[in-house]
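*Asks:* One-letter residues, chain by chain:
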Amino acid sequence: MSTPTPPTPPSQLRQARQDTVALAVLIAVVLIGFAVTAWLVRRYDAVRAARAWNWQRDGAQALQRGQPRQAAEDYRNALAYNSDNAGYQFGLGTALFQSGELNQARHYFSILWQQTPQSGPVNLSLARVEAKDGNASAAVRYYHNAIYGLWQSNGAAQREAARRELIAFLLREGEETQADAEILALGATLPPTAAARIAIGQQLLAVGDNHHALQEFQAALHQGANNYAALVGAGRASFRLAQYAQARAYLQRAVRLRPHDIVAAPLLATTNEVLELDPYAFGVSRPERDERVRRDLQIALARLHRCLPAPPPTKAGGKSSVAPAAPAPAPAPLAKLAATGQALQRQMARGQLFRGPDAVSQIMGFVFQVEQATAATCGAPTGSDLALLLIARQRAGGGQ
Amino acid sequence: MSTASHGARPGVLPPGAGAEQANRRAARKWAAVREERLFLFLAIVIGVIAGLAVVCFRVVIGWLQLYLLGSPLTPLAHRLPLVPALVGLVIGALLVLVFSGARGSGVNQTKAALYIYDGYIPFRTVVGKFITSALAIGSGQSLGPEDPSIQMGAGLASLVGRKLKLSRARMRLLAPLGAAAGLAAAFNAPIASILFVIEEVIGQWSMSILSAVVLSAVAGTVVERWFLGAHSLFTVPPFELRNPVELAAYAGLGVVGGFASLAFVKAVIWLRPKLKAMPRWTQYFQPAIGGLLVGIIAIWYPQVLGAGYIIINQALHAQFLWTTLAILAVMKILATLFSFTSGTPGGMFAPTLVIGALVGGAVGGFEHLLFPHIAAGVSAYVMVGMGVAFAGILRAPMTSVFMIIEISGSYTVVLPLLIANSIAFFISRSFQHTPIFDALTHQDGLDLPSMEERREEEVLHVEDAMQPPTSPVLQWSDTVASALTAAGDNAFVLVHGGGARWAGIPTARLAALVKDGMGQHRLGEVLAASRLPTLHPDEPLEMFLREAGDAPLLPVVHRADDRLLGIATLSGVLATYRHADTPVPAMQSQKGLA
Chain W
1 MSTPTPPTPP
11 SQLRQARQDT
21 VALAVLIAVV
31 LIGFAVTAWL
41 VRRYDAVRAA
51 RAWNWQRDGA
61 QALQRGQPRQ
71 AAEDYRNALA
81 YNSDNAGYQF
91 GLGTALFQSG
101 ELNQARHYFS
111 ILWQQTPQSG
121 PVNLSLARVE
131 AKDGNASAAV
141 RYYHNAIYGL
151 WQSNGAAQRE
161 AARRELIAFL
171 LREGEETQAD
181 AEILALGATL
191 PPTAAARIAI
201 GQQLLAVGDN
211 HHALQEFQAA
221 LHQGANNYAA
231 LVGAGRASFR
241 LAQYAQARAY
251 LQRAVRLRPH
261 DIVAAPLLAT
271 TNEVLELDPY
281 AFGVSRPERD
291 ERVRRDLQIA
301 LARLHRCLPA
311 PPPTKAGGKS
321 SVAPAAPAPA
331 PAPLAKLAAT
341 GQALQRQMAR
351 GQLFRGPDAV
361 SQIMGFVFQV
371 EQATAATCGA
381 PTGSDLALLL
391 IARQRAGGGQ
Chain L
401 MSTASHGARP
411 GVLPPGAGAE
421 QANRRAARKW
431 AAVREERLFL
441 FLAIVIGVIA
451 GLAVVCFRVV
461 IGWLQLYLLG
471 SPLTPLAHRL
481 PLVPALVGLV
491 IGALLVLVFS
501 GARGSGVNQT
511 KAALYIYDGY
521 IPFRTVVGKF
531 ITSALAIGSG
541 QSLGPEDPSI
551 QMGAGLASLV
561 GRKLKLSRAR
571 MRLLAPLGAA
581 AGLAAAFNAP
591 IASILFVIEE
601 VIGQWSMSIL
611 SAVVLSAVAG
621 TVVERWFLGA
631 HSLFTVPPFE
641 LRNPVELAAY
651 AGLGVVGGFA
661 SLAFVKAVIW
671 LRPKLKAMPR
681 WTQYFQPAIG
691 GLLVGIIAIW
701 YPQVLGAGYI
711 IINQALHAQF
721 LWTTLAILAV
731 MKILATLFSF
741 TSGTPGGMFA
751 PTLVIGALVG
761 GAVGGFEHLL
771 FPHIAAGVSA
781 YVMVGMGVAF
791 AGILRAPMTS
801 VFMIIEISGS
811 YTVVLPLLIA
821 NSIAFFISRS
831 FQHTPIFDAL
841 THQDGLDLPS
851 MEERREEEVL
861 HVEDAMQPPT
871 SPVLQWSDTV
881 ASALTAAGDN
891 AFVLVHGGGA
901 RWAGIPTARL
911 AALVKDGMGQ
921 HRLGEVLAAS
931 RLPTLHPDEP
941 LEMFLREAGD
951 APLLPVVHRA
961 DDRLLGIATL
971 SGVLATYRHA
981 DTPVPAMQSQ
991 KGLA
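If you're matching them up, the sequences are chains W and L in order.
Counting in our numbering, the first sequence runs from 1 upward without gaps.
Counting in our numbering, the second sequence runs from 401 upward without gaps.
In short, the hints are calculated from the structure, not lab data.
Every residue gets a Cβ at the ideal spot worked out from N, C-alpha and C, and that includes glycine.
You may find that some hints are simply not true.
Said to hold, decoys possible - Derived, one-sided and incomplete: chain L residues facing chain W with beta-carbon distance under 7 Å:
1. Ile444
2. Val448
3. Tyr467
4. Ser471
5. Pro472
6. Leu473
7. Arg562
8. Leu564
To be verified - Below, in silico cross-link-like pairs of lysine to aspartate or glutamate (EDC-like), each with a Cα-Cα straight-line distance of 20 Å or less:
9. L:Lys676 to L:Asp847
10. L:Lys676 to L:Asp838
11. L:Lys429 to W:Asp19
12. L:Lys565 to W:Glu101
13. L:Lys563 to W:Asp19
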């Protein structure tokens, strides 16, 4: 049997009612407060967003005008009103980079990178910062991230541009092997147009990958046989590969297209010289070979003579009390070659130049030694001397 | 509740009075239950209201900054000296004519409300604090929004409590709730806010209020994040302590930061009373003069304007040379000194953090220059510097550590922070005994409890009043007659009932029992229903007063085996309290017993 609950005193009932009303009022106040605060914050955010947008617009314009310091100030102002905006942070980083503030630029780009490590533009910007700061390995890493990263629009072109930038950076750093790989990779991604092939071919030439360069130029020529740039490129690549006959064919076609061009013609002349002076060329008869050897020897002796120190001038008609100055001594290799040259000249004069089975080899060996030694001592050769030097290198096993 | 549990004595009451008494008891119990239930709910509501108020406060400050100082980070030069000065005139007039209670930072005013006015803060003060502080900070005075947020939160809590007609005791508890919510919303740092309110406002860990403070602070933070976003105040670059030797560099920062804090505190304590003592009419102009001086500094160093969070971010991102940071630190100290001592409403939290950040950055940059292999990047020093200034100026060491962790969102800085903060706190306390808030309270003619002193008060223990037993300790088996003989001149004797059971009996009662012919009765029979509480040496001394009741002494026993170590007597306890600052002579021998 339960005891009946005593009635609640009126004062408590009154208090409970008052509490209920008070709490209802309190909740209403909170709701009104929420509404007012939301309105206020929305208005404030709108004003701040507008200010931020104006500042970033000024910053972008300053960047375009080439005023990166002003742009950095503007972007800082923009970020003061919208600190989370990645676009503004990127703009500030770019402005700082262009101002030479590499550490600060790196900092802002790093913040963005932590948020979107796959972003192409952010990685490219970081790559530029690292490249400018001399951190080659980090730069290459970020370049690769940019190449394989996400781009909001026109991704293929952006990636291609990033890879070209990487190639240029590698070439500046002297990393030809890495650059070659990047160029080949670039070529694989490009559309198969003649212009693209030629561009790749030229970049391959720049890194010394003549073989692949020749392929690119030949591919371009398949699309149009009278493409002057492709003909010159193919000629140059063939020339460097010591495929002189092929080089002459390409270069002749190029010169026919542009007879007064100053690029193909000198190269063609050198190529012709090589082909005409080479005694080892395929199909050359024995008399012709001997003739070429004789001519090569005379060219080499002339070069040697020009390269040897000239005797000092004597006073005309007068007797000097002072003994004439002795000629400057020739470098030891040249002096030795000069002695050998005189012996060969005497043999040639006596018609005994081609005595013995190894005569051609010995004479041409002498010719090559002369051209190499004079190139080292008296500067780069030209004309026939250059042709002989190229033949020497070809015989030694290397192209140009 | 204690009032409800006290028993009445119906036998001595007039007829009908018992029912009335019971009704009153029931009413009191109902009221207590009502407030208990209301309290936790109110904690959340107060947190929300305080959070909303602080969000509006921050938005209004931002708006005022935009329109008064202009849109660029570096304000337009022609506005600089004029705007803070002219707005200072308005603030001065408002403070003198309308909102006299809105002066100061807000922390002491909240404490005063708590300890002097039973948690009462007029709503006019809340409104005045909002308007005048927003004007001051918005016009570029070197002050922050956090301390005013504390007072506004507490004021709103007080208003709610008044409307609900809560008891005085509950009203006193409501103010800290609002303060915690206000600070949490202002700093987006709930843990540090809770710690600060406990460390500096309430002064003690009380479970009865802790959960409510937590709820309130969390509610305030949620509201703030709802409207203003959940991101930290600062974006902190990654930091890693690679070399333990670098801790020495942070110790150097603690030393420099400690002395910089000391210089600021000394300057405030020296200048403020001089300005307060000036004729009343000068109060119209003091905020304006403070603003003018700040404006003049800002012509060359605009970074000193306002709360200064942007400059902290810039320092964190190493945008200044260490020499620039050092100059800016001096300028910020001067600007804050002028703003604060002129009576302009506004807080010291933000300027303290800025001063610390600038000092930290300067020291870090300099050390990096000297020892590039030891001192890492400047960012970590900026962060630690903030904590150092907080510990050195505001003297809230625990809050300083957690605040830096929370506002930076980085835990890796904890070790350097602990070391540098401790050193700065030690230096500040060694050369400036009174903490800044306490000194300001004294200057205002108030006598509020010092939380730092309270924390460091010597706690007396039972062992401090413990004496060797002066009377023989009797056993349960002893007879009353033999006990009377053994008692001798002692007025009260202890009786051991075995194990942990102790009892005591006055000698006069023993004599009475003998006189009644009970001399041969065992003490165990006589004292069967009696039990004397025991104490342990490590217990607070006040335990004696709580436990003794009418007994003149209590046994002090070992925790492990309940053997008697000594006794604590009422006279000995009172003597110990009287001589709390000097050692009690008997203590040595008493402790020797243990």
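*Asks:* So, for every hint listed, does it hold in this structure?
*Replies:* Taking the hints in turn, this is what the structure says about them:
1. A least Cβ separation of about 10 Å between L:Ile444 and chain W goes past the 7 Å threshold, and the interface hint is therefore violated.
2. The restraint placing L:Val448 at the interface with chain W holds, with a minimum CB-CB distance near 6 Å, inside the 7 Å limit.
3. Violation of the interface hint for L:Tyr467 is found here, the shortest Cβ-Cβ separation to chain W being roughly 10 Å, above the 7 Å cut-off.
4. For L:Ser471, the interface hint holds, the least distance from its beta-carbon to any beta-carbon of chain W being 5 Å, beneath 7 Å.
5. Proximity of L:Pro472 to chain W holds as hinted, the smallest CB-CB distance being about 5 Å (cut-off 7 Å).
6. Interface restraint check for L:Leu473: the shortest CB-CB distance to chain W comes to about 5 Å, inside 7 Å, so the restraint holds.
7. Restraint check, L:Arg562 versus chain W: the minimum CB separation of about 11 Å is more than 7 Å; hint violated.
8. A distance limit of 7 Å between C-beta atoms decides the matter here; for L:Leu564 the minimum to chain W is near 5 Å, and the interface restraint holds.
9. Among the hinted pairs, L:Lys676 with L:Asp847 is consistent with the structure: their alpha-carbon atoms are about 18 Å apart, no more than 20 Å.
10. Our distance criterion of 20 Å between C-alpha atoms is met by L:Lys676 and L:Asp838, whose separation comes to about 17 Å.
11. Distance restraint check for L:Lys429 and W:Asp19: the Cα-Cα separation of roughly 17 Å lies within the 20 Å cut-off, and the hinted pair is therefore satisfied.
12. A distance of roughly 62 Å separates the Cα atoms of L:Lys565 and W:Glu101; the hinted pair therefore is violated under the 20 Å criterion.
13. Of the pairs offered as hints, the one joining L:Lys563 and W:Asp19 holds, with about 10 Å between alpha carbons and a cut-off of 20 Å not exceeded.
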